[in-house]
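Peer 1: So you can see what is in the structure, the chains are spelled out below.
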Amino acid sequence: MASSANSNPVPKLYKSVIEDVINEVRELFLDEGVDEQVLLELKTLWENKLLQSKAVEGFHTEEQAALQAAQLQLQQQQQQQQQQQQQQQQQQQQQQQQHHHHQVQHVQQVQHVQHVTQAAHTQQVILPPQQQQAPQQQVIVQDPKILQHMSATGMSAAATAATLALPTGVTPYQQLITSQGQILQVVRAPNGAQYLIQQPQQQILLQQQMQPGGVQAPVIQQVLTPLQGGMPQQTGVIIQPQQIVLASNKVQGNTQVMQAAPMAQQPGQAAVQVQQVQGAAAPQAQPQQQAQAQPQAQPPMMLQVDGAGDTSSEEDEDEEEEYDEDEEEEKAREGGEDGQVEEEPLNSEDDVSDEEDQELFDTENVVVCQYDKIHRSKNKWKFHLKDGIMNLNGKDYVFSKAIGDAEW
Amino acid sequence: MAYQLYRNTTLGNSLQESLDELIQTQQITPQLALQVLLQFDKAINTALASRVRNRVNFRGSLNTYRFCDNVWTFVLNDVEFREVTDLVKVDKVKIVACDGKSESTQNKNDK
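Those protein sequence lines, which keep their order, are chains V and L. Taking the numbering used here, the leading residue of the first sequence gets 799, the next gets one more, and so forth. Taking the numbering used here, the leading residue of the second sequence gets 2, the next gets one more, and so forth.
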């Protein structure tokens, strides 16, 4: 400890700031009625992001102090990551069956390690509160590769739900978040079949919408058949959003969020898309682009009309044409008068383009500080600065005083 | 109120991102997040003033300077930052400096 203290004061400083902030806001959190768990999550997120940024050397948290050696080993053995993920999956499954807190935390620690090494998107997995235990558990999982392995091991979503011993009368409502941020909803219909509903990424908020107590119709653009868990019933069944909303309302606060590989990655599973009410099922491997085109007459909540789904909806175009005919005529007239309706933004040739060239590199070296004195003589500037944090070439530095010279 | 200057640092940005994630999952309210950031401002200002004790020298060429609302903003080129231990060279650096004298409250500027 003595040697490290002399070399770099930044990690210790950051750690102390984090501790101070967390302790100070604990009271604020309690006043707002927010659980302590959220506070710990904030701290974890904060520390993880600092680690991810690699701006601080030798930064470690209390949890990871024991895992640093393991981190180094994992960094050197990146090829073994998948195997470790498989092991984690088994651990996760065991935990789901046993649901113990400390096991979750243990997995959480192990996953923290891989979280750092892989620098992949972390996603939260919230296990449903079991009937025996009330509080929710959080497990941080990695890539969608995990689900591929999970599927490979035979633990499909249906099987995992079965192992959770959920009552058959309840419709378990599961949400799967892919690495791309898409939300796949696994809904078990009363007839035992499971369906995956894919949603665009924008509706992350829908996780809360799915909780009971609110009659909300999520934007469900497609219904896909489930994984290869051997779901018997597939095509021909059309699920309307209202039904799914009802199904979600049946679940009493049990939202199970797991990771699923996007269906596009597993074309071999014979994923069949079931459109809502409108058309026949068109089996394809990539649901996204069609998803945007399908829900037209349905309640258009958070419809994505741009991008791939722009020109594919004929009905919308017909409806819009009725509205926009007059508007288009007006715009055409105005365009003719100005002559540059669409070209005005292009008159930016007068701008000095030096900034664009200089901003293209990765790190903007920034120093945030306070000034004691700024002095200038002719073109000779002298800077007397204090209490600053610097980020130079991606690394963080601090100073209590800084003195500088520059010529303008 | 302490300077909110340090929010745009690695430490501050990671805190803001974490808070944003919690807001998105509706685990905290935006108001609470703001309170956390205000607390962060106090903590980082105090920590820098009390727990850091090192000096840095630097030299370079001044590209631009700006003084507005009692905030200096400089852009320097080809700068060398020298500490006792090591030397860091950068092609371009932006320095943002708030007034170090009246840091206790920003209301002094209002008249």
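It should be emphasised that the hints constitute simulated quantities derived from the structure, not laboratory data. No experiment lies behind these values; they were computed from the predicted model shown. Built from N, CA and C at the ideal position, the CB exists for glycine as well. Errors might be hidden in some of the hints.
To be verified - Here are the simulated EDC-like pairs of lysine to aspartate or glutamate, each with C-alpha atoms no more than 16 Å apart in a straight line:
{"no.": "1", "chain 1": "L", "residue 1": "LYS95", "chain 2": "L", "residue 2": "GLU81"}
{"no.": "2", "chain 1": "L", "residue 1": "LYS93", "chain 2": "V", "residue 2": "GLU1162"}
{"no.": "3", "chain 1": "V", "residue 1": "LYS1193", "chain 2": "L", "residue 2": "ASP100"}
{"no.": "4", "chain 1": "V", "residue 1": "LYS1199", "chain 2": "L", "residue 2": "ASP21"}
{"no.": "5", "chain 1": "V", "residue 1": "LYS1180", "chain 2": "L", "residue 2": "GLU81"}
{"no.": "6", "chain 1": "L", "residue 1": "LYS93", "chain 2": "V", "residue 2": "ASP1170"}
{"no.": "7", "chain 1": "V", "residue 1": "LYS841", "chain 2": "L", "residue 2": "ASP92"}
{"no.": "8", "chain 1": "V", "residue 1": "LYS847", "chain 2": "L", "residue 2": "GLU84"}
{"no.": "9", "chain 1": "V", "residue 1": "LYS841", "chain 2": "V", "residue 2": "GLU822"}
{"no.": "10", "chain 1": "L", "residue 1": "LYS90", "chain 2": "V", "residue 2": "ASP1203"}
{"no.": "11", "chain 1": "V", "residue 1": "LYS1171", "chain 2": "V", "residue 2": "ASP1203"}
{"no.": "12", "chain 1": "V", "residue 1": "LYS1193", "chain 2": "L", "residue 2": "GLU81"}
{"no.": "13", "chain 1": "L", "residue 1": "LYS95", "chain 2": "V", "residue 2": "ASP1203"}
{"no.": "14", "chain 1": "V", "residue 1": "LYS1199", "chain 2": "L", "residue 2": "ASP92"}
{"no.": "15", "chain 1": "V", "residue 1": "LYS841", "chain 2": "L", "residue 2": "ASP100"}
{"no.": "16", "chain 1": "V", "residue 1": "LYS841", "chain 2": "L", "residue 2": "GLU22"}
{"no.": "17", "chain 1": "V", "residue 1": "LYS1171", "chain 2": "L", "residue 2": "GLU81"}
{"no.": "18", "chain 1": "L", "residue 1": "LYS43", "chain 2": "V", "residue 2": "GLU822"}
{"no.": "19", "chain 1": "L", "residue 1": "LYS95", "chain 2": "V", "residue 2": "GLU1162"}
{"no.": "20", "chain 1": "L", "residue 1": "LYS43", "chain 2": "V", "residue 2": "ASP818"}
{"no.": "21", "chain 1": "V", "residue 1": "LYS852", "chain 2": "V", "residue 2": "ASP1203"}
{"no.": "22", "chain 1": "V", "residue 1": "LYS1178", "chain 2": "V", "residue 2": "GLU1162"}
{"no.": "23", "chain 1": "L", "residue 1": "LYS90", "chain 2": "V", "residue 2": "GLU1162"}
{"no.": "24", "chain 1": "V", "residue 1": "LYS1193", "chain 2": "L", "residue 2": "ASP21"}
{"no.": "25", "chain 1": "L", "residue 1": "LYS93", "chain 2": "V", "residue 2": "GLU1205"}
{"no.": "26", "chain 1": "L", "residue 1": "LYS43", "chain 2": "V", "residue 2": "ASP1203"}
{"no.": "27", "chain 1": "V", "residue 1": "LYS1193", "chain 2": "V", "residue 2": "GLU1162"}
Said to hold, decoys possible - Okay, the calculated beta carbon distance ranges per label pair:
{"no.": "28", "chain 1": "L", "residue 1": "THR86", "chain 2": "V", "residue 2": "ILE1172", "range": "20 to 28 Å"}
{"no.": "29", "chain 1": "V", "residue 1": "GLN885", "chain 2": "L", "residue 2": "SER62", "range": "49 to 57 Å"}
{"no.": "30", "chain 1": "V", "residue 1": "GLU825", "chain 2": "L", "residue 2": "SER51", "range": "19 to 27 Å"}
{"no.": "31", "chain 1": "V", "residue 1": "ASP1203", "chain 2": "L", "residue 2": "PHE68", "range": "32 to 40 Å"}
{"no.": "32", "chain 1": "L", "residue 1": "ASP87", "chain 2": "V", "residue 2": "GLU825", "range": "23 to 31 Å"}
Peer 1: Look at each hint and say if it fits the structure.
Peer 2: Each hint, compared with the structure:
1. As the CA atoms of L/LYS95 and L/GLU81 are separated by approximately 13 Å, the hinted pair is consistent with the 16 Å bound.
2. With a C-alpha separation of about 8 Å, the suggested pair L/LYS93 and V/GLU1162 falls inside the 16 Å cut-off, and the hint holds.
3. Our distance criterion of 16 Å between C-alpha atoms is broken by V/LYS1193 and L/ASP100, whose separation comes to about 25 Å.
4. A distance of roughly 33 Å separates the Cα atoms of V/LYS1199 and L/ASP21; the hinted pair therefore is violated under the 16 Å criterion.
5. Taken as a hint, the V/LYS1180 and L/GLU81 pair is honoured in the structure, with Cα atoms around 15 Å apart against an allowance of 16 Å.
6. A C-alpha spacing of about 22 Å is found between L/LYS93 and V/ASP1170, which places the hinted pair above 16 Å, so the restraint is violated.
7. Of the supplied pair hints, the one linking V/LYS841 and L/ASP92 is violated, its CA atoms being roughly 35 Å apart against a limit of 16 Å.
8. Our distance criterion of 16 Å between C-alpha atoms is broken by V/LYS847 and L/GLU84, whose separation comes to about 27 Å.
9. Straight-line distance between C-alpha atoms of V/LYS841 and V/GLU822 comes to about 12 Å, which keeps the hinted pair within the 16 Å bound.
10. Restraint check for L/LYS90 and V/ASP1203: the C-alpha separation of about 15 Å stays at or below 16 Å, so the hint holds.
11. Only pairs whose Cα atoms come within 16 Å are accepted, and V/LYS1171 paired with V/ASP1203 is accepted, the gap being roughly 12 Å.
12. Annotation: proposed proximity of V/LYS1193 to L/GLU81 holds, straight-line Cα distance about 15 Å (limit 16 Å).
13. Straight-line distance between C-alpha atoms of L/LYS95 and V/ASP1203 comes to about 14 Å, which keeps the hinted pair within the 16 Å bound.
14. Of the pairs offered as hints, the one joining V/LYS1199 and L/ASP92 is violated, with about 22 Å between alpha carbons and a cut-off of 16 Å exceeded.
15. Distance hint between V/LYS841 and L/ASP100 is unfulfilled; the C-alpha atoms sit about 31 Å from each other, more than 16 Å.
16. Proposed proximity of V/LYS841 and L/GLU22 is supported: the alpha carbons are some 12 Å apart, at most 16 Å.
17. Taken as a hint, the V/LYS1171 and L/GLU81 pair is broken in the structure, with Cα atoms around 20 Å apart against an allowance of 16 Å.
18. Between L/LYS43 and V/GLU822, the direct Cα distance comes to roughly 10 Å. Compliance with the 16 Å bound is thereby established for this hinted pair.
19. With a C-alpha separation of about 8 Å, the suggested pairing of L/LYS95 with V/GLU1162 holds against the 16 Å cut-off.
20. Straight-line distance between C-alpha atoms of L/LYS43 and V/ASP818 comes to about 10 Å, which keeps the hinted pair within the 16 Å bound.
21. For the given pair, V/LYS852 sits about 30 Å from V/ASP1203 by alpha-carbon distance, which is inconsistent with the 16 Å threshold.
22. A hinted pair counts as satisfied when its Cα atoms are at most 16 Å apart, and V/LYS1178 with V/GLU1162 does not qualify at roughly 25 Å.
23. For the suggested pair L/LYS90 and V/GLU1162, the alpha carbons sit about 13 Å apart, so the restraint of at most 16 Å is met.
24. With a C-alpha separation of about 24 Å, the suggested pairing of V/LYS1193 with L/ASP21 is violated against the 16 Å cut-off.
25. The hinted pair formed by L/LYS93 and V/GLU1205 meets the criterion: a straight-line CA distance of about 14 Å does not exceed 16 Å.
26. At roughly 30 Å between alpha-carbon atoms, L/LYS43 and V/ASP1203 are farther apart than 16 Å, so this suggested pair is violated.
27. Between the alpha carbons of V/LYS1193 and V/GLU1162 the distance comes to roughly 11 Å, so the proposed pair stays at or under 16 Å and holds.
28. For L/THR86 paired with V/ILE1172, a C-beta distance near 27 Å keeps the hint of 20 to 28 Å intact.
29. A C-beta distance of roughly 55 Å is found between V/GLN885 and L/SER62, which places it inside the suggested range of 49 to 57 Å.
30. For the pair V/GLU825 and L/SER51, the beta carbons lie near 22 Å from each other, so the given range of 19 to 27 Å is met.
31. Checked against the hint of 32 to 40 Å, the C-beta distance between V/ASP1203 and L/PHE68 comes to roughly 18 Å, which is inconsistent with it.
32. Judged by the Cβ atoms, the range 23 to 31 Å given for L/ASP87 and V/GLU825 is violated: they are separated by roughly 41 Å.
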